[in-house]
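If you're matching them up, the sequences are chains A and B in order. Just so you know, the working numbering puts 281 at position 281 of the first sequence, and the rest follows in order with no gaps. Just so you know, the working numbering puts 351 at position 351 of the second sequence, and the rest follows in order with no gaps.
Honestly, the hints are just simulated from the structure, not real lab data. If a hint is listed, it holds; no wrong ones were tucked in.
Label-pair distances were calculated between CB atoms; the ranges are: (1) A:Phe91 with B:Gln121: 49 to 57 angstroms; (2) B:Arg347 with A:Gly75: 55 to 63 angstroms; (3) B:Ala417 with A:Tyr204: 34 to 42 angstroms; (4) B:Ala156 with A:Thr138: 26 to 34 angstroms.
Far from chain A, some chain B residues (derived; all Cβ distances over 12 angstroms): (5) Lys109; (6) Gln121; (7) Asn278; (8) Leu292; (9) Arg426.
Think of the CB as a built atom: it goes at the ideal place given N, C-alpha and C, for glycine as much as any other residue.
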Amino acid sequence: MASIAAIDREQLATPKERGQLAIVWKRFRKHKLALVGSVILLAMVGLAATASAWTPYDPIQAALAADVQQNAPPGYTNPHNGDYYVLGTDFIGRDVLSRLAYSGQISLSIGFICTIAVTLIGMILGAIAGFFGGLIDTILMRLVDLVLSLPFLPTLITVSIALSASHPDLSSYWKIVLIIVLLGWGGTARLVRAAVLSLRHLEYTEATRALGASNLRIIVRHLLPNSLAPIIVETTLNFGAFIVAESSVSFLGFGIYKPAASWGNMLTDPSLDLLVKNAPLQLLWPNLLIFLAVLSINFIGDALRDALDPRLKM
Amino acid sequence: MTTYLVRRSLQSLLILFLISIVMYGILNLDPKGPYAEVYAVQYNNPQQMQAAIARAERRLGLDDSLPMRYILWLYNWRPADENDAEFLTIQLQNYQDEAKTVTDPDRLKFVQQQLHNLPLQIADVNAKLAACGDLFNLDSLGQCLSLKRVGGILTANLGTSWKIAQGEPVLALISGSEVESGQDPTSFATVYGPSSVLHGPLANTLVLIFFSILLALLLAIPIGIYSAVKQYSVGDYVFSFISFVGLGLPSFCLGTLLILAERKGWLFGLPIGGVVNNPDDVSQYSDVGIRLSHLIAPGFVLGFALMAGFSRFIRSSMLEVLHLDYVRTAWAKGLKQRTVIFKHAMRNALIPLVTRIALAVPALLGGVVIVDSITNYPGIGGLLFRAGGLDDWPVLMGLLIVGAILVVLSNVLADVAYAVIDPRIRYS
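Turn these sequences into a full structure, and let the hints guide you.
Below, the structure written as structure tokens:
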């Protein structure tokens, strides 16, 4: 008798269900492609973040030596001073590898900053709209309609030009961040609003209110955590979309200005035609990096969608 | 449905109105407005410069407050300038009509005098307009911009281009009507060919968007259905891989790779750029074969990601439907595989696709800018790219308005098409 009671107590004390994170991780792990994608993305972020520590040459200034070789092939060693270029040099003799590393720094960090900002803004405005409803909801949602009705890339280009004209001292980096955030928050806000709206009248929210919780506490502690799954997926996909947006607008010449390197403007540095003619490999590297980054993010997003969906059986 | 349509249309108009306010505000972030460049003029004599700036400001309406400028941009009701060619032409016509009926000899004399003077004035104004080429002359620039400033955006007057095709109305530029060749410094006509609404930038872009959606659907529907029916087969994995490549490769990457392949001669002479082989040969514009061959490259760049997205979407939607009870009933009845898949499952699986297609339009409008700039396709995307590079504000603003109208229209279309196709949907 006593031993059975002890077993029961033991089972009660160590419940079978693990923490939510462990469940999510277990489901996420099943997507091998997402695991590979995570490793690739982490490696890219790590290499880009530490670019200044390991890149051998300056990404913007070419070596000052008079005998610097232009458009050198990968694995080129300068016979005069022994400088070694793993991926060769570009059209004015800058190290391609260093430029790729720094361009990754710019493209990834813009994507990252924009994603964080958009998620924060979207969560705050979406929660306010969904929780309070009424006039403020109408105004905010019309604003979302407005933002989502703007053709993204054309607006991005136009605002970029307008901002460059009116604020010439604003760096092209922060200009692009600012515009992407201004144009990108609509989707997240709409998503958060829908989630909050569906949770607002559930019993547990009523119960929390009956216990005397403030609006802020209900939103922050009870509504947002419960609507986190779709937000995380949206955030992941936004990261990819913003990287593509920055690269696209830089590719067209309205984003990050040369000589600073971004994945987009490296494809037109000095021009697409000249790259195709003289250095097709230099055209392939940035394309490969964008491809790997976006593909990895897509895989991670898909896996997260499955892993975070409580309706899916394991 | 009618009530819904009316409400939806009113909402769309409100959104367009708000968009126009926002865009106008952004373009006027600088207190000098988008006309900042006008001020970059150097005059030797400061007094002369002050006077020139004052004249330009008056002509451009910059002496008004920002809200007033916006209202005038919507609709300019102010009497036209006495030097305005359109105003003078209308006057001339009025006097010509009057000359036929007038009986009072004094009045007739006055009218005849006006009929003599007005053409001279018009010729003078036109001569000034022709001299518009000198951008760094404030007077001539102000002249160019104000000459066609009657009405406003509410009367479909989007203003006058500054640089791409100087002095041309923006609407004519976008639609492709009446763009006079030889008038512009960046050889607009050599890229866009003889003017015609049927192969103007807007028509070209709509054709390209339509073509790429068609291309995407023609590939995605069979692929999606195959992948769903033969889930986890080798074919499914291959198509999934292709889809992921399509989703991971932004259009500008695909475009640059396509150009690389073309220069290496791997495309067997597939034409890239333009809509016909020889823009000046009018007969080629009606040759379907030539037109199609020029659509393949830009259509592929634009449609590949679309195809990838669609086929993933059809696959999951089809998988969902295949597990429904009514499909199982169809199998149990002993229906042929073809009947179950194509008549029962596919029809329901494809319904959500309609919304998906319409909602792809905003992304396509962005893709068009990239495709046009890479493959040199003469659409509104290329126009935006050129206008952006040259800071041609009126063209940029006009293109944004046109783009916003297309996006809003496609959103409404998505809802309506959904209700028309799926009888279960009812709007009230």
